[in-house]
Amino acid sequence: MASRGGAQPLTPWRWLGLPALQAAGMTLLFLAPLRFWGYGLPEPVFALPVVFAWAVIRPSMLAPMGVMVLGLFLDLVWGSPTGLWPVCLLLPYGMVLAGRGMLAGQGRLMMWVWFGAATAVALGAGYIFTMFDTQNAPDPLTVGYQFLATVILYPFADRLIERFEDADVRFR
Amino acid sequence: MSLRDNPLGELKVPLTWTAGIVFIVVLIASVAILLTDRREGFDTDAYGHPRTLSDKVMAPVGEVLSAPGRWTGAGVDSVKGYFFAVSENQRLKAELKDMRQWRDVAIALRDTNERYQTLLGLKTDPPIPMATARIVTDSRGPFANSRLADAGSEKGILPGNPVMSENGLVGRIVGVTEGASRVLLLTDVASRTPVMIDRTNARAILTGDGGPNPQLAYLRGLDPVKNGDRVLTSGDGGVFPRGLPVGVAVKGLDGRWRVVLASDRAPVDYVRILLFQDFTQLVNRAGLDRAPPPPPTPGASTLPPPEAVAPAATGAAKPAAKPGDGSATKPDDKAAATPAKSSTDKAAADKPAASKAATADKKPSEGKAAEKKPAEKTPAAAKATATDKKPADGKTAAKPSASAASTQKPTDAKKPTDAKKPTDAKAHATKPAEPVHG
Numbered sequence: 010m011a012s013r014g015g016a017q018p019l020t021p022w023r024w025l026g027l028p029a030l031q032a033a034g035m036t037l038l039f040l041a042p043l044r045f046w047g048y049g050l051p052e053p054v055f056a057l058p059v060v061f062a063w064a065v066i067r068p069s070m071l072a073p074m075g076v077m078v079l080g081l082f083l084d085l086v087w088g089s090p091t092g093l094w095p096v097c098l099l100l101p102y103g104m105v106l107a108g109r110g111m112l113a114g115q116g117r118l119m120m121w122v123w124f125g126a127a128t129a130v131a132l133g134a135g136y137i138f139t140m141f142d143t144q145n146a147p148d149p150l151t152v153g154y155q156f157l158a159t160v161i162l163y164p165f166a167d168r169l170i171e172r173f174e175d176a177d178v179r180f181r
Numbered sequence: 101m102s103l104r105d106n107p108l109g110e111l112k113v114p115l116t117w118t119a120g121i122v123f124i125v126v127l128i129a130s131v132a133i134l135l136t137d138r139r140e141g142f143d144t145d146a147y148g149h150p151r152t153l154s155d156k157v158m159a160p161v162g163e164v165l166s167a168p169g170r171w172t173g174a175g176v177d178s179v180k181g182y183f184f185a186v187s188e189n190q191r192l193k194a195e196l197k198d199m200r201q202w203r204d205v206a207i208a209l210r211d212t213n214e215r216y217q218t219l220l221g222l223k224t225d226p227p228i229p230m231a232t233a234r235i236v237t238d239s240r241g242p243f244a245n246s247r248l249a250d251a252g253s254e255k256g257i258l259p260g261n262p263v264m265s266e267n268g269l270v271g272r273i274v275g276v277t278e279g280a281s282r283v284l285l286l287t288d289v290a291s292r293t294p295v296m297i298d299r300t301n302a303r304a305i306l307t308g309d310g311g312p313n314p315q316l317a318y319l320r321g322l323d324p325v326k327n328g329d330r331v332l333t334s335g336d337g338g339v340f341p342r343g344l345p346v347g348v349a350v351k352g353l354d355g356r357w358r359v360v361l362a363s364d365r366a367p368v369d370y371v372r373i374l375l376f377q378d379f380t381q382l383v384n385r386a387g388l389d390r391a392p393p394p395p396p397t398p399g400a401s402t403l404p405p406p407e408a409v410a411p412a413a414t415g416a417a418k419p420a421a422k423p424g425d426g427s428a429t430k431p432d433d434k435a436a437a438t439p440a441k442s443s444t445d446k447a448a449a450d451k452p453a454a455s456k457a458a459t460a461d462k463k464p465s466e467g468k469a470a471e472k473k474p475a476e477k478t479p480a481a482a483k484a485t486a487t488d489k490k491p492a493d494g495k496t497a498a499k500p501s502a503s504a505a506s507t508q509k510p511t512d513a514k515k516p517t518d519a520k521k522p523t524d525a526k527a528h529a530t531k532p533a534e535p536v537h538g
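Protein chains in written order, with the working numbering: chain A, 10 to 181; chain Z, 101 to 538.
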């Protein structure tokens with residue numbers, strides 16, 4: 010996807026703050042108790058594309074803290090145990106950060122596959138933690154449904170990467 | 101010395117390393133937060149002040165966000181009402197005609213029920229007060245299924261209160277603040293609800309797994325449930341009143357029995373929160389603890405020390421369980437005795453039978469259930485009823501009676517000359533577990 014206006018300077022507010030707020034806003038929007046033809050809205054993890062893009066764009070000291078704040082926000086609005094989503098988001102963040110060298114220069118489809126792997130890590134971690142916490146395994150179909158609803162959000166991550174990946178030449 | 105000559109001047113901390121260190125620190129902090137989170141208490145302190153604060157903020161935000169959906173739904177309903185007024189009128193007339201007949205039946209049954217209550221001197225529970233609330237947010241993920249209602253502590257809502265829609269049970273309150281309360285849905289992976297099958301009176305624990313149809317765990321007995329059986333709250337443990345409609349049992353694709361929730365028939369927008377206080381909240385525990393122990397029965401022999409009884413009882417229990425008897429070796433029985441069930445059932449076992457009898461007559465429908473199955477009011481009798489349903493278990497049915505008899509005459513179990521006594525002593529020793537199976 011072509012970026013609009015080329016690469017943007019890496020102001021923390023632009024590449025960390027604004028995307029995080031957008032993800033939080035979308036999460037709130039999908040919390041509305043609406044049903045269409047008897048089915049509720051899906052519940053994608055809007056924070057995951059942002060987290061993935063942050064790890065791809067460049068290593069940063071602020072980004073992990075942003076990931077943690079986003080995760081705590083998800084815990085509060087979704088009512089999950091506090092700390093669940095920070096851990097679930099930080100694990101794929103760390104995985105992508107460690108594999109930045111492999112991701113460099115990959116095509117969009119391959120990046121989408123990587124995003125799918127990051128989503129699987131996040132939801133897999135959530136599955137395991139929830140299983141230990143409640144002594145009960147969550148329904149795999151529901152986890153799969155959330156996985157699909159999240160994986161299709163990769164274009165948002167791609168747009169963020171396109172805008173900012175060339176901004177800091179030290180990390181190209 | 102110039103800066104260039106200083107060896108420290110050449111030292112640059114790579115940004116990647118610092119970012120990695122920050123990542124590890126934040127990850128450790130997150131894991132620590134996760135491990136220290138405690139939700140099991142379900143009181144306001146355990147729920148956490150950040151959560152109550154966020155719920156307080158989220159309630160008005162959710163109300164604004166859900167408003168367009170509500171308005172759209174109301175608009176669609178009014179348009180449908182305009183175009184389908186005639187057919188709706190015909191349907192309502194037919195329904196009214198049907199309901200008139202049911203009204204007559206209900207009046208007659210109420211009259212009969214009142215007479216029975218007077219004759220038997222039954223102590224019925226007072227009606228449960230309710231608070232109405234609107235659902236403003238809805239989380240539907242696999243790891244958390246909860247909703248936020250726009251009524252809180254100002255309406256007297258407390259953690260643990262059951263929540264119902266017009267169709268059936270939705271869940272229970274796990275967190276309350278002023279103006280908002282969080283409802284843990286029956287489908288949440290942490291939700292456990294004691295239920296019973298209306299047809300067979302079989303007990304189970306409704307266990308959520310994040311999916312739309314929670315499963316029935318710890319089902320006991322032979323064929324306790326069939327497709328289409330109604331599932332109601334059992335009232336065991338005192339968390340929920342008895343007889344609230346939960347849903348209909350269905351066999352899942354994974355071979356497990358699941359429940360199609362009654363509350364899923366329509367969107368859950370308005371809910372009723374039952375301001376129900378369970379028995380453990382109402383009872384004066386301090387007063388019970390202060391009560392002196394009952395005096396010893398005159399003429400009763402002294403109990404042998406437990407060390408002396410235990411081996412004899414163990415040895416006697418083996419021959420008592422015959423092959424093909426089934427009652428002692430059923431895998432379901434073992435499952436029912438697992439500690440996972442203990443949180444709810446321990447509370448049920450702690451209750452006196454009288455409290456269960458009181459809960460059994462809460463509503464007209466519950467009264468009907470109690471009328472049909474009067475034997476369930478004592479745990480021993482309930483067990484006998486459950487085993488009576490199995491024709492092959494004729495021998496087994498006699499066993500609870502024996503244990504019940506041993507309960508009534510504890511002194512009989514101590515006579516060393518009686519050959520049957522070790523079995524009775526065993527039954528007596530295992531007596532506290534019996535209400536669990538009731």
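Bear in mind the hints are in silico, worked out from the structure with no lab data behind them. From a predicted model like this one, the values you see are computed outputs, not experimental measurements. Check before you lean on any hint, since a few could be wrong.
[Claimed, not checked] Here are the in silico distance ranges between beta carbons for each label pair:
1. Z:160 - A:153: 30 to 38 Å
2. Z:356 - A:108: 16 to 24 Å
3. Z:121 - A:19: 38 to 46 Å
4. Z:171 - A:161: 24 to 32 Å
5. A:175 - Z:168: 49 to 57 Å
Where is the CB? At the ideal position from N, CA and C, for every residue including glycine.
Hints and how they fare:
1. Z:160 - A:153: 30 to 38 Å: holds, 34 Å
2. Z:356 - A:108: 16 to 24 Å: For residue 356 (chain Z) and residue 108 (chain A) the Cβ distance comes to about 39 Å; the hint is violated.
3. Z:121 - A:19: 38 to 46 Å: violated, 20 Å
4. Z:171 - A:161: 24 to 32 Å: holds, 29 Å
5. A:175 - Z:168: 49 to 57 Å: violated, 39 Å
Of the numbered hints stated above, those contradicted by the structure are hints 2, 3, 5, listed in ascending order.
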